[in-house]
Amino acid sequence: MAVQVESEEGVPEPGPLCDEPEFAELIAGMVSDAAPRVFALVAERGERVDAAVFAWGLSFEDHAVLVGPGNSHGRFRSAESAHRLHTPAWSNCASSGRRDGGIRVADVVGKQF
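Sequential numbering from 1 applies to the sequence shown in the numbering used here.
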């Protein structure tokens with residue numbers, strides 16, 4: 001027999017959909033499906049001379065957020081638009097011949113957070 005728990009509004013809550021392990025699996029699938037893509041903006045110096053992570057981002061279905069050093073952060077339409085709008089602080093990147101100013105978007109693959 002299912003136990004009905006009343007909510008604060010006095011409306012009965014439905015009983016459990018399934019057992020705990022199955023529910024945990026459903027939640028894990030939901031989280032995996034809804035998880036944002038983690039990416040980094042990587043500043044390159046010269047022709048493969050050096051590189052450093054410039055900022056970290058989360059790419060959602062309809063927008064991206066970017067967090068950099070200190071209090072710098074922003075909201076963008078996509079990871080690609082964040083990439084287009086940011087240039088590195090290194091002065092010699094403009095002469096690197098790269099149209100993107102030495103910044104590339106790097107996906108973080110297989111990293112668990």
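None of these hints come from the bench; they were simulated from the model. Heads up, the beta-carbon is just placed ideally off N, CA and C, and yes, glycines get one too. One should not assume that every hint holds.
[To be verified] Simulated restraints on C-beta separations:
1) R84 with G10: 47 to 57 Å
2) E47 with G68: 34 to 44 Å
3) S72 with E13: 19 to 29 Å
4) P12 with L58: 30 to 40 Å
Status of each hint after checking the structure:
1. Look at R84 against G10: about 53 Å separates their beta carbons, and that is inside 47 to 57 Å.
2. Restraint check, E47 to G68: a C-beta distance of roughly 24 Å breaks the suggested window 34 to 44 Å.
3. Between S72 and E13 the beta carbons are some 44 Å apart, a value that contradicts the proposed interval 19 to 29 Å.
4. A beta carbon spacing of about 38 Å between P12 and L58 agrees with the range 30 to 40 Å that was offered as a hint.
When each numbered hint is compared with the structure, violations occur for hints 2, 3.
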